[in-house]
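**Q** What follows is the residue order along each chain.
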Amino acid sequence: MPRINSATELEELRKGILSKRDPNKPCIAICAGTGCLALGNDRVISAFEEEVKKQTLEAKVDIRATGCHGFCEKGPNIIIYPEEICYIEVTPEDVPEIVSQTVLGKEVIDRLIYTDPNTGEKAAHQSEIPFYKNQMRHLIGNNSKIDPKSIDEYLALGGYSALSKSLFEMSPEQVLEEIKKANLRGRGGGGFPAGLKWETARNAPGEEKYVIVNGHEGEPGAFMDRALFTGNPHSVLEGLIIGAYAIGSHQGFIYTRHDSPQLRNNIAVALTQAEEYGLLGENILGSGFNFNVEVHLDIGIFVSGESSALMRSIEGKNPEPRPKYIRTSVSGIWEKPSNLNNVETWANVPQIINRGSEWYTSIGTERSKGTKLISLSGNIVNTGVVEVPFGTTLREIVYDIGGGIPNGKKLKAVHFGGPMGGSIPESLLDTPLDFDELAKLGAPIGAGGMFVLDEDTNMVDVTRFFLNFLTNESCGKCVPCREGIRQMLKIVTNISEGKGREGDIELLEEISEVAGAASLCALGKTASDPLLSTLRYFRDEYEANIKEKKCRA
Amino acid sequence: MSEILLQIDGREVEARKGMTILEAAQSAGIFIPTLCHHEKLEAYGACRICTVEVEARGRKNLVAACVYPVEQNLVVRTRSEKIDRIRKMILELLLAHAPDAFALQDLAKEYGADKDRFEKEASFCIHCGLCVRYCAEVKKKNAVGFVDRGTRREISFIPEIASKECWNCKECFPLCPTEALQAAFVLTKALFSP
Amino acid sequence: MDNARIDRIIDKHQGEASSLIQVLLEIQSENHWLPKEALERVSEKLQVPLTRIRHIATFYKTFSLIPKGRHEIHVCTGSSCHVRGATRLLDTVQDLIGIRPGETSSDLRFSLETGNCLGCCALGPEIVVDGKHHSKIAPDNVEDVLKDYD
Ligand SMILES: Cc1cc2nc3c(=O)[nH]c(=O)nc-3n(C[C@H](O)[C@H](O)[C@H](O)COP(=O)(O)O)c2cc1C
Ligand code: SF4
Ligand code: FES
Ligand code: FES
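Protein chains in written order, with my numbering: chain A, 43 to 595; chain B, 265 to 458; chain C, 573 to 722.
Read the hints as simulated data drawn from the structure, not as lab findings. Glycine included, each C-beta is placed from N, C-alpha and C at the ideal position. Wrong hints could be hidden among the right ones.
Unchecked claim - Some chain B residues near chain A, calculated using beta-carbon distances under 7 Å: (1) V331; (2) V339; (3) I354.
Unchecked claim - Taking lysine to aspartate or glutamate pairs in the EDC-like style, the calculated list, with each CA pair at most 16 Å apart, reads: (4) C:K584 to A:E336; (5) B:K346 to A:E555; (6) C:K704 to A:D84; (7) B:K405 to C:E612; (8) C:K633 to A:E555; (9) C:K633 to C:E588; (10) A:K366 to B:E306; (11) A:K532 to B:E306; (12) A:K175 to A:D189; (13) B:K352 to A:E131; (14) A:K359 to C:E588; (15) A:K207 to A:D301; (16) C:K708 to A:E131.
Claimed, not checked - Here are some, though not all, of the chain B residues that point toward chain A, as calculated from beta-carbon distances under 7 Å: (17) G309; (18) R312; (19) T315; (20) Y332; (21) M353; (22) V411; (23) G414; (24) R417; (25) W431.
All chains should be built: construct the whole structure from the sequences, respecting the hints.
**A** Next up, the structure:
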């Protein structure tokens, strides 16, 4: 690969890539996301490769193994371009027919397209399938359009133009200003304004500064960061480099899971390719800006994703939260200013730079801008990765996109934020997706796992599940968290087994007040949030269990 | 070193930059209870019994006095209804593990903690980490460490090192607020010398 | 696992103490467990106290201080699989192979782990054996799946 030395050379390269492409050439995009692979899409990919070879179509048809398309429920998924025909639940046996009939013959195979279970209506194109058409897929939508292992495909979609614009047309201050004006809020849980955090790190004393991608994704039921990072690693990397430029950092870290080979490989390939093109490393694009990235593989436990624990892990120390009252953006890794943002937060950066903060702030609500990735799971018809603008109501997500509750059951609640979050009852389902609105209801959006619960769910059991999760996923260092969770779990377990006693609820409330006020890190401080929110909306279930001595587990 | 003025329980207190609230309070003779703090060791912030209320720039917060650095004009309260409630609960949670520890009993009296509030699960260790940190930071021997996580976290000796180093040292023994350390050590020795 | 192999892994990371977790991960993935001797070697080469290494090795579920069975069964107990019946599934697996999560059967045939979300909620409840996913599985079908692994 030739090294690119200027903005002009980058545009020439892009032109070259585009000129070699025929927009009408059929392309079969096969999902190689975690879900579809687990369902055997690797065999579907091989079958396509063989079939294309057999019919000697190599020059006429492209095959592309992509990241998650989002509609994991119906996997293995494929999309055939340029018509954007979606086939679901594809098997290797379907492959010859797809190639002959659809790719060459341009005919839709009825049996492989989506049928709406409620209306019986069929939908062949992405733009007609309710799951897709009710979303706004600015981030995840590109997954099916690129091979994550090919930087050229990312460039073909305009990739790295935001980096080039930042480096050559904007000062670091202007980039920072744009992010602040866009009111980009952190997607990893806290919703803290990214621009303010960047500014703190930028203004912090010291020459050496770090920028970090938090790709830990420890929340159970959350898989959107993995889907985005695996399927479009360059979008995260580009955001990171732009952030580094704005902050004045020359060293970045990618902290991510070791347990997904695709994720690992795709990141490694992306870094190598970006370096070869001169988009990473010394003198990026000939601008004089230097920036390197190191990958830190980890999986740790849930608490490892907390910022100070994560930074200790990068230092090679025990990944426990640190009792410091100085922000990591001022004193983080090796006591240097360290700016940490979530995968999705970074991926938002290039589009803000390219299309401007005004465009960005036109999407969303008053105080939550842009789109949000959501992992839909639990008792829901369409499990998968969803992207919607802030302001979309929870009802729209559950019914219009998620397809409702399976087996004709009624919805009971949706739970956000996993073990640090809360549940929202059906009666409040018209609440818009919004950082502050959901927090007000006691169910902060968290990382974006939306866990749907049907009428058969016992909410005491949901609380018990999360508390039990935390006994094994916290660090155990500080007393209010470790001992508080231990006792709360005991009491909640007793209640759910019909052994609850009068006064248990009050005792639970007392423990959670102390854990919430005195714990060392945010895990302990919010560990009782699922408990408090279920007590807020479903107190009767606790009371009934205690009074009637019923075992409902 | 620059002087910092702050207020603790209504009293003006002078401190140096880099001091913690606990150190400032101690220098002024104001008592804040601690369980995991030791002056020779790096601040640890785990037991949270030293929780106090601070008010800085109009915002009130509960913080651990042993870690929180002093600031100019900081207003600190070392007792309040809420602080007492927190300390009482922390003590009750710990008394389930170490019901006979003197260090806990004295404080329990002060804060009205009921040692039978929670079902006994006598493991004797309250995870203050004094032994682990003393061995690592002061003696640099690292004979004892933590293992595991969450509610299963515990201390554990490394027999090979313990058998060489501990017999002639035992300096961490008096630091232990409960009898856990002796128990663990005796256990290790028993396992190691057949 | 001999010292030469461990040294190779350590050298790859330039023998830096900050790479401790990466080194342990690689030993675990090559050897499937962390023998005591390996930890001692790492401690010596990286100049990191054994206490700290042991804490990390027991802190992460990924690491095992005991040998693993020939086949690793992983039952997803994430939130979504939980409401879709993971508890019953786990009970069935435990009954069938007679070990609990974190354990290895005495004939070294199976190790059982539970884990959080693997990112495949659409397939839940599921069990994964040696990396192969068995999705939307009913307790009644577990025996059938496991009999192929010996
Ligand atoms: C217990 C705990 C676990 C966390 N896990 C994650 C995680 O898996 N991924 C993540 O991005 N942020 C996680 N966070 C939030 C991070 O501490 C941090 O706020 C975030 O990465 C900052 O990025 P953002 O501002 O872009 O959201 C966690 C926080 C806590 C307290
Ligand atoms: S709150 Fe929990 S997870 Fe956080 S430091 Fe304390 S024990 Fe560890
Ligand atoms: S993994 Fe294929 S659609 Fe999500
Ligand atoms: S003395 Fe401050 S937390 Fe223990």
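**Q** Does the structure keep A:K175 and A:D189 at a Cα separation of 16 Å or less?
**A** violated (23 Å)
**Q** Taking the least C-beta to C-beta distance, is B:M353 closer than 7 Å to chain A?
**A** holds (4 Å)
**Q** Keeping to a limit of 16 Å between CA atoms, is the pair of B:K352 and A:E131 held or broken?
**A** violated (58 Å)
**Q** Do the numbers back the hint for B:V339, that is, is its least Cβ distance to chain A under 7 Å?
**A** With Cβ-Cβ at 16 Å, over 7 Å, it is violated.
**Q** Once the shortest beta carbon distance from B:W431 to chain A is found, is it less than 7 Å?
**A** violated (28 Å)
**Q** Straight-line Cα separation of A:K207 and A:D301 no greater than 16 Å?
**A** With Cα atoms ~35 Å apart, A:K207 and A:D301 exceed 16 Å; violated.
**Q** Checking hints one by one. Is B:G309 an interface residue toward chain A, by the C-beta closer than 7 Å rule?
**A** holds (3 Å)
**Q** Min Cβ distance, B:V331 to chain A: is it shorter than 7 Å?
**A** The hint holds - B:V331 has a Cβ within 7 Å of chain A, the shortest such distance being about 5 Å.
**Q** Measure nothing beyond the straight line between the CA atoms of C:K704 and A:D84; if it is 16 Å or shorter, mark the hint as holding.
**A** OK: C:K704 and A:D84 at ~12 Å, within 16 Å.
**Q** Keeping to a limit of 16 Å between CA atoms, is the pair of C:K633 and C:E588 held or broken?
**A** violated (23 Å)
**Q** Holds or violated: A:K359 and C:E588, Cα atoms, limit 16 Å.
**A** holds (12 Å)
**Q** Holds or violated: the hint that B:T315 contacts chain A, with Cβ atoms closer than 7 Å.
**A** This interface hint holds because 5 Å falls under the 7 Å limit.
In this structure, the earlier hints numbered 2, 8, 9, 11, 12, 13, 15, 22, 25 are contradicted, and the remaining ones agree with it.
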